[in-house]
Amino acid sequence: MDLKQILKKNKAPFVKEWFRATIDTYPSQSAKILGKDVNRFDNPVGAATRETIEEVFNLILEDFNQEMLEKALDPVIRIRAVQAFSASEAVSFVFALKVIGENILDDSLIREFDKIVDKIALASFNKLMKCKEEIFLLKATESKRRIHRAFERAGLVAELTEEDLLGSKKS
Amino acid sequence: MSDEIKPDELLDKIDYGPRSGSGPESESDNWMDTTASVQIRPGMYCYAAKAESVETLSLPNARPWNPLEDDWKLPDNWQEILHQGIKERLEKFRTFKVFMDICVRCGACADKCHFFLGTGDPKNMPVLRAELLRSVYRNDFTTAGKILQKIPGGQKLNGARPLTLDVLKEWWYYFFQCTECRRCSVFCPYGIDTAEITIMGRELLNLIGLNIDWIATPVSNCFQTGNHLGIQPHAFKDMLDFFVEDIEDVTGVDCTPQINKKGADILFITPSGDVFADPGTYTCEGYMILFKYLKDKYGLDVTWSTYASEGGNFGFFTSHETMKRLNAKMYAEAKRLGVKWIMGGECGHMWRVINQYMDTMNGPADFLEEPVNPITGTKFENAKSTKMVHITEFTADLIKHGKLELDKSRNGNRIMTFHDSCNPARGMGLLDEPRYIIENCCDEFYEMPPNTIRELTFCCGSGAGLNAGENIELRMAGGLPRANAVKYVHEKFGVNTLGTICAIDRAALPTLCEYWVPEVEVYGIHELVGNALIMPGEKKRTEDLRFEPLPGVEAEEEEDE
Chain U
39 MDLKQILKKN
49 KAPFVKEWFR
59 ATIDTYPSQS
69 AKILGKDVNR
79 FDNPVGAATR
89 ETIEEVFNLI
99 LEDFNQEMLE
109 KALDPVIRIR
119 AVQAFSASEA
129 VSFVFALKVI
139 GENILDDSLI
149 REFDKIVDKI
159 ALASFNKLMK
169 CKEEIFLLKA
179 TESKRRIHRA
189 FERAGLVAEL
199 TEEDLLGSKK
209 S
Chain X
399 MSDEIKPDEL
409 LDKIDYGPRS
419 GSGPESESDN
429 WMDTTASVQI
439 RPGMYCYAAK
449 AESVETLSLP
459 NARPWNPLED
469 DWKLPDNWQE
479 ILHQGIKERL
489 EKFRTFKVFM
499 DICVRCGACA
509 DKCHFFLGTG
519 DPKNMPVLRA
529 ELLRSVYRND
539 FTTAGKILQK
549 IPGGQKLNGA
559 RPLTLDVLKE
569 WWYYFFQCTE
579 CRRCSVFCPY
589 GIDTAEITIM
599 GRELLNLIGL
609 NIDWIATPVS
619 NCFQTGNHLG
629 IQPHAFKDML
639 DFFVEDIEDV
649 TGVDCTPQIN
659 KKGADILFIT
669 PSGDVFADPG
679 TYTCEGYMIL
689 FKYLKDKYGL
699 DVTWSTYASE
709 GGNFGFFTSH
719 ETMKRLNAKM
729 YAEAKRLGVK
739 WIMGGECGHM
749 WRVINQYMDT
759 MNGPADFLEE
769 PVNPITGTKF
779 ENAKSTKMVH
789 ITEFTADLIK
799 HGKLELDKSR
809 NGNRIMTFHD
819 SCNPARGMGL
829 LDEPRYIIEN
839 CCDEFYEMPP
849 NTIRELTFCC
859 GSGAGLNAGE
869 NIELRMAGGL
879 PRANAVKYVH
889 EKFGVNTLGT
899 ICAIDRAALP
909 TLCEYWVPEV
919 EVYGIHELVG
929 NALIMPGEKK
939 RTEDLRFEPL
949 PGVEAEEEED
959 E
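Going down the list, the protein sequences come from chains U and X. Under our numbering, think of the first position of the first sequence as 39, with each following residue one higher. Under our numbering, think of the first position of the second sequence as 399, with each following residue one higher.
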């Protein structure tokens with residue numbers, strides 16, 4: 039059997055352990071609650087984490103590219119980008135896969151599997167940076183959009199327009 | 399949580415560090431150990447209050463300070479001030495005393511807070527946020543605490559700790575990570591209102607000058623100039639005049655409002671965000687259209703005020719006394735103008751202040767009449783004492799009696815859902831009126847899941863003075879449970895518009911949506927009314943209040959060509 043077939047066969051333990059390892063990056067008392075499988079609106083972080091991990095795992099069983107990985111990782115990275123994680127902590131959950139892989143896979147397959155994990159990690163860094171950039175942009179433009187624009191419409195201030203200041207970026 | 403953490407564990411075994419992590423955090427096995435947890439992180443906290451803003455209201459210890467520096471420039475006797483402050487409040491506020499004593503730490507509230515669910519920080523569990531204060535209460539104000547202090551290990555057994563500088567810093571950090579939304583209180587079997595604990599916590603912090611600037615400066619502006627943004631009366635009028643022009647462009651009708659009119663029937667007060675901040679400005683135009691319609695059709699006599707130019711009250715997030723000082727102008731202006739009763743605009747915390755505090759704080763308003771809708775004859779029984787009616791109750795009543803002509807098709811491109819703002823929903827039970835208005839102004843309306851609306855609504859994550867720019871990560875994390883439900887109805891039903899009746903929501907939710915579900919726009923309810931209302935003498939409308947083409951108009955124009 040090749041790597042993908044073995045991963046497919048072992049999907050359940052992989053997904054379960056990867057989810058647990060990801061939730062365990064939160065403080066232990068929080069992890070107890072966020073790890074519960076309850077109504078997705080009562081536990082959005084747990085639900086998004088569970089779903090994303092399954093989706094990413096399904097993706098690596100098929101042919102995938104970086105763009106597809108980034109899209110699949112979005113819900114979890116988007117959340118971790120606004121939580122109290124450093125950049126390395128925010129994406130650290132991906133590397134838990136290496137440990138899980140070592141426990142489940144034959145040594146002969148580890149190297150190949152690690153390459154996949156590396157791709158997921160790189161996609162995660164990309165996504166994290168994009169989310170952080172979105173946050174910085176929101177931070178920079180929010181008060182201007184909220185108050186300055188109303189004043190501008192009313193003709194109470196006269197200077198560069200909002201569009202000029204934002205350049206080509208649609209606000 | 400009750401099946402997860404036993405009371406002794408709550409006191410003893412909460413590990414602040416990541417379970418899988420390493421380093422100093424995970425070595426801490428005790429939640430009361432502040433060394434690991436008081437890490438004031440940029441993105442999560444709001445800037446310190448400016449000295450001049452604190453001075454305006456003669457509040458204590460005005461000075462420049464920075465939460466990231468070790469020295470917070472506190473008075474030498476800060477512990478004594480706080481001790482005395484707690485003592486006074488325990489005697490004065492029965493709720494505070496009861497809430498300090500009766501929590502059995504069942505944990506029902508633990509996973510109900512949007513900040514906990516979004517940040518994953520255990521100290522944002524309402525029970526633990528309250529424990530920050532309770533632990534000091536137990537140490538200093540209970541007999542058991544005084545006895546156990548003398549026994550080795552006794553403090554820990556009692557869940558008690560002395561008020562140290564680290565504990566104080568932790569208070570500051572976490573009491574400004576609570577929006578006083580009261581969702582947790584809905585689940586508390588004892589009815590403990592954690593918002594009131596935060597209110598007390600912030601009031602105590604203000605005794606030694608530890609406010610945040612996003613609260614202190616609006617409070618100072620409001621006290622000095624009349625509204626949170628510090629806009630002077632002439633600019634307030636300029637903005638309304640500007641709305642008149644815009645409305646005339648869209649409808650062809652002159653909606654010039656009455657301002658400071660003595661002897662008017664009704665005084666209208668709305669949060670200044672409606673006048674000065676998008677997209678609240680469109681809601682403001684909706685009010686103006688409604689009042690013009692009612693004046694022409696039924697002779698309704700409404701006046702605005704440049705003195706009472708702020709419905710919101712950030713004093714509520716500072717101290718009871720500050721709230722009272724800012725609120726006083728509502729009744730004062732009603733008295734000066736000689737109106738019959740007061741109507742209030744779409745706002746959140748403004749209504750908690752009005753509904754739960756104003757009457758006893760600055761009333762009785764015995765110079766006003768019990769509010770009756772002069773057009774329908776409906777008595778607003780719930781406003782009998784405060785003499786102040788929420789505009790959605792008023793408008794819903796008009797629609798119910800067939801007094802408004804509405805053309806739903808003008809909002810035909812709005813696929814709606816409704817976000818219950820915390821204070822009107824949980825603080826005054828205003829749940830159905832806004833929905834009734836939406837259903838009469840729009841064709842498509844879909845509710846978010848039941849555990850995220852009405853009394854169980856999730857906060858926007860930016861209320862209670864936390865809608866600043868510098869704490870945007872906290873706001874995005876805190877707003878996640880709300881955005882998660884919006885995203886669900888967006889994906890399932892194609893919802894593109896989030897309706898709301900709160901000025902902070904109108905300011906905060908567009909940013910929240912842009913991050914989590916960018917295809918959804920935020921509308922006030924009276925913006926929808928303003929679009930749908932068919933005014934006497936209006937021209938054929940082709941645009942909505944945002945100057946976007948009305949549904950079907952573009953297609954018609956193409957056909958004409």
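Wrong hints could be hidden among the right ones.
Calculated pairs, DSBU-like style, for lysine-lysine (alpha carbon to alpha carbon, straight line, at most 30 Å) [claimed, not checked]:
#1 X:K885 - X:K635
#2 U:K182 - U:K70
#3 X:K448 - U:K109
#4 X:K801 - X:K722
#5 X:K806 - X:K885
#6 U:K177 - X:K471
#7 U:K168 - X:K890
#8 X:K777 - U:K182
#9 U:K74 - X:K885
#10 X:K660 - U:K49
#11 U:K182 - X:K885
#12 X:K782 - X:K798
#13 U:K54 - U:K74
#14 X:K635 - U:K170
#15 U:K177 - U:K54
#16 X:K738 - X:K782
#17 U:K170 - X:K448
#18 U:K177 - X:K448
#19 X:K890 - U:K170
#20 U:K136 - U:K109
#21 U:K177 - U:K46
#22 U:K136 - U:K177
#23 U:K177 - X:K567
#24 U:K170 - U:K157
#25 X:K471 - U:K74
Keep in mind the hints are simulated off the structure, nothing from the lab. Bear in mind that the values here come from a model prediction, so they are computed numbers and not experimental data.
Practice item. Would you check the hint for K777 (chain X) and K182 (chain U), treating anything up to 30 Å between C-alpha atoms as holding? Key: 42 Å, violated
**Study point:** Straight-line alpha-carbon gap K182 (chain U) to K70 (chain U), limit 30 Å
**Key:** 41 Å, violated
Review point. Holds or violated: K471 (chain X) with K74 (chain U), Cα cutoff 30 Å?
Key: Not OK: K471 (chain X) and K74 (chain U) at ~44 Å, beyond 30 Å, violated.
Check your understanding: Given the proposed pairing of K177 (chain U) with K567 (chain X), does the C-alpha separation stay at or below 30 Å?
Key -> Holds, at roughly 25 Å.
Review point. Keeping to a limit of 30 Å between CA atoms, is the pair of K74 (chain U) and K885 (chain X) held or broken?
Key: Given pair K74 (chain U), K885 (chain X) holds - Cα atoms ~21 Å apart, limit 30 Å.
Review point. Between K182 (chain U) and K885 (chain X), is the straight-line Cα distance small enough, at 30 Å or below?
Key: 26 Å, holds
Exercise for review: Please work out if K660 (chain X) and K49 (chain U) have their alpha carbons no farther apart than 30 Å.
Suggested key: 75 Å, violated
Exercise for review: Quickly compare the C-alpha distance for K738 (chain X) and K782 (chain X) to 30 Å and report which way the hint goes.
Suggested key: 12 Å, holds
**Study point:** Given pair status - K798 (chain X), K782 (chain X), alpha carbons within 30 Å
**Key:** It holds: about 21 Å lies between the C-alpha atoms, which stays within 30 Å.
Review point. Going straight from one Cα to the other, do K170 (chain U) and K448 (chain X) come out at no more than 30 Å?
Key: 28 Å, holds
Check your understanding: Between K806 (chain X) and K885 (chain X), does the CA-CA distance stay at or below 30 Å?
Key -> OK: K806 (chain X) and K885 (chain X) at ~25 Å, within 30 Å.
Check your understanding: Within 30 Å, alpha carbon to alpha carbon, are K177 (chain U) and K471 (chain X)?
Key -> Holds, because 29 Å separates the two Cα atoms, which is no more than 30 Å.
Of the numbered hints listed earlier, those contradicted by the structure are 1, 2, 3, 4, 8, 10, 14, 15, 21, 22 and 25.
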